[in-house]
Amino acid sequence: MAALRCFLRSGKGAVSVLLRRELHATAPASAQVMVRDALNQAMDEELERDERVFLLGEEVAQYDGAYKVSRGLWKKYGDKRIIDTPITEVMCDSVLAPPPQAGLRPICEFMTFNFSMQAIDQVINSAAKTYYMSAGLQPVPIVFRGPNGASAGVAAQHSQCFAAWYGHCPGLKVISPWSAEDCKGLLKSAIRDDNPVVFLENELMYGVPFEMSEEAQSKDFTIPIGKAKIERPGSHITLVSHSRFVGHCLDAAAVLAKEGIECEVINLRTIRPLDVECIEGSVMKTNHLVTVEGGWPQFGVGAEICARIMEGPAFNYLDAPAVRVTGVDIPMPYAKILEDNSIPQIKDIIFSVKKTLNV
Amino acid sequence: MCIWSIYQWIMCDMLADFGCNLISSSGAAVVMSARTYADFTTQASFEIKKCDVHKLDDAPATEVVLTREEGLQYYRIMQTMRRMELKADQLYKQKIIRGFCHLYDGQEACAVGIEAGINLTDHLITAYRAHGYTYTRGGTVKEIMAELTGRRGGIAKGKGGSMHMYTKNFYGGNGIVGAQVPLGAGVALACKYQERNELCVCLYGDGAANQGQIFETYNMAALWKLPVIFICENNKYGMGTSVERAAASTDYFKRGDFIPGLRVDGMDVLCVREATRFAADHCRSGKGPILMELQTYRYHGHSMSDPGVSYRTREEIQEVRSKSDPISMLKDRMLSNNMASVEELKEIDVEVRKEIEDAAQFATTDPEPPLDDLCNHIFSNEPPLEVRGTNPWTKLKSVS
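For the protein sequence lines, the chains are A and B, in the order given.
For the first sequence, full-length UniProt numbering begins at 1 and goes up steadily by one.
For the second sequence, full-length UniProt numbering begins at 1 and goes up steadily by one.
Calculated from the structure, these hints are not laboratory results.
For glycine and all other residues, C-beta sits at the position ideal for the given N, C-alpha and C.
Hints should not be assumed to be uniformly reliable.
Estimated spans, in silico, between C-beta atoms of each pair [claimed, not checked]:
hint, chain 1, residue 1, chain 2, residue 2, range
1, B, Glu368, A, Lys285, 41 to 49 Å
2, B, Lys93, A, Pro170, 40 to 48 Å
3, B, Lys55, A, Arg49, 37 to 45 Å
4, A, Lys75, B, Ser249, 26 to 34 Å
5, A, Lys355, B, Val399, 29 to 37 Å
6, A, Pro273, B, Leu371, 40 to 48 Å
7, A, Lys227, B, Thr121, 26 to 34 Å
8, A, Ser218, B, Ser249, 14 to 22 Å
9, B, Asn119, A, Met117, 50 to 58 Å
10, B, Leu120, A, Lys75, 36 to 44 Å
11, A, Gly78, B, Ser285, 23 to 31 Å
12, B, Asp358, A, Pro297, 55 to 63 Å
13, B, Lys93, A, Phe315, 50 to 58 Å
14, B, Asp373, A, Lys227, 50 to 58 Å
Below, simulated BS3-like cross-link-like pairs (lysine-lysine); rule was C-alpha separation at most 25 Å, straight line [stated by the list, open to error]:
hint, chain 1, residue 1, chain 2, residue 2
15, A, Lys75, A, Lys285
16, B, Lys225, A, Lys76
17, A, Lys129, B, Lys225
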């Protein structure tokens, strides 16, 4: 069922891509690339580019990755560069924290970010804070990556979104990509960055294809960390989101466009540092703001965005209070009907937009 | 005049000719030292305690050689560490040092013996009782003390404090109990990956030995044959809890199970050195990790906020001080084997005292870090960025 939904969504994505093709000239030799393959390409290119880069995690080597993101890499690079670990998150994560200080550039895969809680002390206390505590002596160029947030039917312990948890901590960069282009460009930037980066992927997005331009397919294509992207320009209201829900926002925008409401959809791309300027610029144009995320409401990404807008110049441009669309404030249930109603649906976004615009 | 003085007088007389020969060939300054120190033994052999072993066919040597030079060096370093920690105690009581301060006095033989058994190009990581290691790994007393007092001249520019000191190939100074152990294995992984013939010494205490992450680390280090020496500094107390009350098995050197282990007298610098050499050879020959338990003792409490006498008796502390003090042990060995004179060692004491006084002077007068430095060093190799202050109108600057 989830696969069917994915297919339908990708179908919608493909349709909207086709529509855009008719309206705008597209560069030749662009291709449909799945998110999983974009991530694979990014890692492959960076492994080739720099001897010091290596990948470590559970099932990343001989199993080709629990979600097949690292497929083919072990065959190509061997045991030294692609390392299978026992099921020890703490060890995986912390084994990687000093190699950066000792000269290496590791990529640590968490099978899901839920398991990163086992090792979160090392991510925060050994990775994020070390450059500061050592007053610049010990940089930590490490990437922690893996799927984050809700999947389909995996229940409470495997469905949490960690964007707010990691986004809270100075010393970390936190990325939450949406499209294949986002994933490739940002993962390459993350690997090349000399600082600890938490890279929050999404399991339900792995199989979704996106069009990638020829430029995006090149070996040197990177996207700067800390810059949001306006996926769809609009004039009536700003929708800000990250990861999978960017797609939901675009779908809601398509429906609302038929009723004459033009939504500007912003894909945050990076949670920390947050591109507040992009959001402010948009709000100053549209005068309305709705944030959309899969995580829980309290102390979340949307809460931070609203606080920042209030503290900045854009507040005076708001014609209505900024509003958050979030996951329901409960542990994720298992039964499909309950799960579906625990995360934002397109109808929830449409409802919130209309309430904000008072239509 | 005591026998010892008569003996020295006779020796000096006998060697006067020798001294005279030196005058004619080498000049006045050399003559002074030759005449004063010519009668010392250049090296001597010592019997040291045998180590208990776990899953090992051989053990470190029990007869070792100490040269006069080495002896004087170890003495000076241990004395410097001792005096540095005692000065820190003083400054803490004067409230010039604040927060956490975990002192190392009593355990000097461990740090010095370990460093004597490895190279500066090897790597080392430890927990929060780190001042001694910061010194043996290349930090200066001045930098260490200024870090304790939170000044800009501190080894981490005042931003780390007692528990977060770093130098080349020394990864701290880690505050979270046990967290440094997986990190140490990670450093060893880097050594192996980069094919440098280096190893990592990874230290933890008897309290940390019960942490789960240490067992995860044992598994992976053994599985991947990482060049890491795990060292448990067993000072008998994890904060206020004695080892008997905390551990189902106090044979910490056996805790690695499939990892071979050694139990070493951590109060004897020669024992520690010999065992470390043995362990380093084991690692460098590609056999994988090895575990050492150093049986040692701390005179101070767990930290400066712990008087250290509610869970152990003053008599116990006194007994260790009088019978097993590492500095006294080395001093006795050198004196009774004519490797140094009382005056010479006193001279070293005076020099050390001066160094510590100067460092303390620096540490109390150096200014605190500038407020401009508050937000720096968040990211490495990054263009300057803005950091929110305590209120929305305060925007601070951060540079790498």
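Structure-based check of each hint:
1. The supplied range of 41 to 49 Å is met by B:Glu368 and A:Lys285, whose beta-carbon atoms lie about 46 Å from each other.
2. Range check, B:Lys93 to A:Pro170: about 33 Å between beta-carbon atoms, so the 40 to 48 Å window is missed.
3. Take B:Lys55 and A:Arg49: their Cβ atoms lie about 43 Å apart, and the range 37 to 45 Å holds.
4. The hinted window of 26 to 34 Å between A:Lys75 and B:Ser249 is violated, with their beta carbons roughly 44 Å apart.
5. Separation of A:Lys355 from B:Val399 is about 44 Å and departs from the stated range, judged on CB atoms against 29 to 37 Å.
6. Here the CB-CB span from A:Pro273 to B:Leu371 is close to 22 Å, at odds with the stated 40 to 48 Å.
7. A hinted range of 26 to 34 Å for the beta carbons of A:Lys227 and B:Thr121 is inconsistent with their spacing of about 41 Å.
8. One distance hint, 14 to 22 Å for the beta-carbon pair A:Ser218 and B:Ser249, is violated here, with the actual separation near 58 Å.
9. Between B:Asn119 and A:Met117 the beta carbons are some 39 Å apart, a value that contradicts the proposed interval 50 to 58 Å.
10. Roughly 40 Å separates the CB atoms of B:Leu120 and A:Lys75, a value that falls within the hinted 36 to 44 Å.
11. Checked against the given bound of 23 to 31 Å, the beta carbons of A:Gly78 and B:Ser285, roughly 24 Å apart, stay inside it.
12. Restraint check, B:Asp358 to A:Pro297: a C-beta distance of roughly 58 Å satisfies the suggested window 55 to 63 Å.
13. Hint check: B:Lys93 to A:Phe315, Cβ distance near 51 Å, so the stated range 50 to 58 Å holds.
14. As the Cβ distance of B:Asp373 to A:Lys227 is approximately 28 Å, the hint placing it in 50 to 58 Å is violated.
15. For the hint linking A:Lys75 to A:Lys285, the alpha-carbon distance of about 51 Å lies beyond 25 Å, and the restraint is violated.
16. Taken as a hint, the B:Lys225 and A:Lys76 pair is honoured in the structure, with Cα atoms around 23 Å apart against an allowance of 25 Å.
17. At roughly 29 Å between alpha-carbon atoms, A:Lys129 and B:Lys225 are farther apart than 25 Å, so this suggested pair is violated.
Hint compliance for this structure: hints 2, 4, 5, 6, 7, 8, 9, 14, 15, 17 are not met, and every other hint is.
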